[in-house]
Each structure stands twice: as C-alpha cells, then as structure tokens.
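Trainee: Build the full structure now, drawing on both the sequences and the hints.
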Amino acid sequence: MIRKPVLVASFIALGCVAAAADDVTLCTGSESGVYYSAGATIAQMAGKTFKVHVIETGGTIDNLERMVDLPKGAEGACDAMIGQPDGPVYVTRKSPAKAKKIRQIGSLHREYLHVLCNAESGIDDLGDIADGGGSLAIGEQGSGAWLIWQNILAEDDSYSGVPVTNEGSRLALSAVSTNTTTCMLVPSGPGNGLIIEADQTYGDTVILASANDKDFNDAKDILGKPLYSYDFDVPTDKYPNTFDRGWSDIETISWSAGVYVNLDKVSGKDLERLIEAVGRASVGIKAEYGK
Numbered sequence: 001m002i003r004k005p006v007l008v009a010s011f012i013a014l015g016c017v018a019a020a021a022d023d024v025t026l027c028t029g030s031e032s033g034v035y036y037s038a039g040a041t042i043a044q045m046a047g048k049t050f051k052v053h054v055i056e057t058g059g060t061i062d063n064l065e066r067m068v069d070l071p072k073g074a075e076g077a078c079d080a081m082i083g084q085p086d087g088p089v090y091v092t093r094k095s096p097a098k099a100k101k102i103r104q105i106g107s108l109h110r111e112y113l114h115v116l117c118n119a120e121s122g123i124d125d126l127g128d129i130a131d132g133g134g135s136l137a138i139g140e141q142g143s144g145a146w147l148i149w150q151n152i153l154a155e156d157d158s159y160s161g162v163p164v165t166n167e168g169s170r171l172a173l174s175a176v177s178t179n180t181t182t183c184m185l186v187p188s189g190p191g192n193g194l195i196i197e198a199d200q201t202y203g204d205t206v207i208l209a210s211a212n213d214k215d216f217n218d219a220k221d222i223l224g225k226p227l228y229s230y231d232f233d234v235p236t237d238k239y240p241n242t243f244d245r246g247w248s249d250i251e252t253i254s255w256s257a258g259v260y261v262n263l264d265k266v267s268g269k270d271l272e273r274l275i276e277a278v279g280r281a282s283v284g285i286k287a288e289y290g291k
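Counting from 1, one number per residue, gives the positions in the sequence shown under this note's numbering.
Honestly, the hints are just simulated from the structure, not real lab data.
Please note that the accuracy of each hint is not assured.
What the hints assert, rightly or not - Taking lysine-lysine pairs in the DSS-like style, the calculated list, with each CA pair at most 30 angstroms apart, reads:
{"no.": "1", "residue 1": "K72", "residue 2": "K214"}
{"no.": "2", "residue 1": "K286", "residue 2": "K214"}
{"no.": "3", "residue 1": "K48", "residue 2": "K94"}
{"no.": "4", "residue 1": "K238", "residue 2": "K98"}
Unchecked claim - Pairwise CB distance ranges (calculated):
{"no.": "5", "residue 1": "G224", "residue 2": "G284", "range": "38 to 46 angstroms"}
{"no.": "6", "residue 1": "I275", "residue 2": "K72", "range": "17 to 25 angstroms"}
{"no.": "7", "residue 1": "T49", "residue 2": "D215", "range": "46 to 54 angstroms"}
{"no.": "8", "residue 1": "S267", "residue 2": "E120", "range": "27 to 35 angstroms"}
{"no.": "9", "residue 1": "S30", "residue 2": "S174", "range": "15 to 23 angstroms"}
{"no.": "10", "residue 1": "I196", "residue 2": "E251", "range": "16 to 24 angstroms"}
{"no.": "11", "residue 1": "G47", "residue 2": "P163", "range": "16 to 24 angstroms"}
{"no.": "12", "residue 1": "G246", "residue 2": "K269", "range": "38 to 46 angstroms"}
For each residue, glycine too, the CB sits at the ideal point set by N, CA and C.
Mentor: Right, here's the structure in full:
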C-alpha cells in the first residue's frame with residue numbers, strides 16, 4: 001500500500017490534542033471537504049460521554065493506512081474512517097489479512113464519478129478512452145481518482161493501455177482545457193468545487209462526459225454487494241451553467257460513502273455507541289449531500 005506522510009491531526013471534542021484510551025478517533029478528509037463535515041456531525045451525535053475525535057487527512061487511502069497500519073493511540077492513528085467503498089476493496093486485493101480487520105458500520109451520502117473531457121476530443125463516455133480515445137488524468141497516487149482507477153483496471157483490462165498522468169485538481173483541469181490531456185476523473189458528491197469551476201470558467205473547452213461502462217459491473221464491495229451503481233444522472237442542477245453546456249442527461253456510476261472501523265481497535269460498548277452515532281448522523285448527512 002502506498003505510504004503517505006502523516007498529516008497534522010485536527011480534533012473535535014473539547015479541543016483535545018490526544019484521545020483517551022476509550023475514545024474513538026475518526027479519520028475523514030480535507031477540512032474543507034464533505035468527509036470532514038460528516039465526521040463533525042457524527043462527533044456531535046456521539047455526545048459528551050462518548051467522544052469521537054475527528055482527524056483531518058488526505059482521504060480514503062491515507063485513512064486506511066492510519067486505521068489499519070498504525071497502532072491505537074499512535075500519533076496520527078485512527079480507529080474508524082469515512083471513505084470510498086473501493087478503498088477497502090483495494091486493501092482486500094493487496095492484503096486479505098489486513099482487510100479482515102475492516103468492518104463497515106454505516107453508509108452516508110451518495111457520490112458520483114465525474115469525467116471531464118476536452119470539448120473537441122470527441123469523447124462523450126469514459127468507455128471511449130478504452131477504445132484508444134486519448135489520455136486520462138487520474139490524480140496523485142492515493143487520491144480518490146487514483147483509487148477508483150485501480151478498481152476499474154482490476155475489473156476490465158481493456159483500460160490497461162490508456163495513457164495516464166498523475167495530475168489532479170486545477171493542473172489536470174488546465175491540461176484537459178488545452179487538450180494536453182484528454183479527460184480527467186473527479187469522484188465526489190454533488191456540488192464539487194472543481195466541477196463548479198469547470199462549469200463556470202472552462203465552458204468553451206471542457207465538457208462533462210458519461211461513465212456508464214458495464215464491463216466492470218461485477219465489482220463487489222467488502223459486504224459482497226455491487227461496488228458501483230449504474231445509470232445515475234449526474235445532479236447537474238448543482239452546476240448553474242450546465243444547460244448552456246449540454247451537461248444534462250449525463251449518466252455515470254455512483255456509490256455511497258461508507259463508515260468503517262478497525263475491529264481490533266473498536267469493540268464492545270464503544271462499537272455499539274459509534275454505530276448509534278453514525279446511524280443518527282447519517283440522516284442529516286444524506287439530507288444535505290444526497291441519498
């Protein structure tokens with residue numbers, strides 16, 4: 001598994017700098033992102049007697065490393081995490097022994113695979129890339145886009161010949177705009193800031209493409225259920241210029257963000273309390289970010 005630098009921890013719950021032995025630390029994502037906000041809601045629902053400490057991180061892969069590889073109480077370690085369901089699937093392929101420690105205890109908001117492509121590329125679906133349609137920016141190793149690409153490759157080797165770059169965010173968006181790179185992947189919930197920027201600023205050069213290739217529809221999550229759902233319309237109402245851009249009726253794959261624990265770190269009454277907090281928080285999280 002890719003090893004990433006441990007980020008500075010940011011905690012919620014009475015300003016603590018370290019969690020007590022019977023508290024739970026929850027890895028999330030960037031402080032400006034949905035995962036961190038969702039974690040704060042879970043911490044609030046947990047109450048004062050059972051404290052959930054929210055840690056800002058680099059996302060799903062970083063979370064898995066902190067949750068599975070670092071011992072409880074170590075600097076930057078976490079006991080539970082919020083992340084994409086394809087993260088635990090990736091761990092299962094790489095290390096089945098580690099995967100046995102991971103248990104999903106809840107589902108949160110819906111996320112979508114956004115595919116941004118150069119407007120003159122002729123690409124209108126991710127599957128066109130597999131047919132020799134150009135190059136693809138998949139983000140840095142360990143990023144959400146990189147992670148979903150690993151699972152796509154594992155399920156459908158027709159994508160193995162696609163030229164990829166590890167550029168992401170605005171650098172990748174600029175490359176797509178100039179047709180230096182054909183397309184880029186952005187897995188996220190609705191209203192993603194980078195997609196909004198593409199919609200508002202790159203209207204002449206960038207389009208939103210579909211991602212509905214059924215060749216990897218047999219992928220399973222760690223519960224044995226389908227990893228991705230198909231034929232979901234991208235919620236383009238979150239992007240105000242879409243009707244001028246031909247972004248309506250864009251179908252893509254979708255999934256729900258999950259909450260996971262390391263069963264070696266959280267058990268008994270603490271596990272029950274955490275499950276209760278996640279269940280209560282999920283109602284508001286889904287209402288705000290999508291079911």
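Trainee: Which of the stated hints cannot be reconciled with the structure, identified by number in ascending sequence?
Mentor: 1, 3, 4, 5, 8, 11, 12
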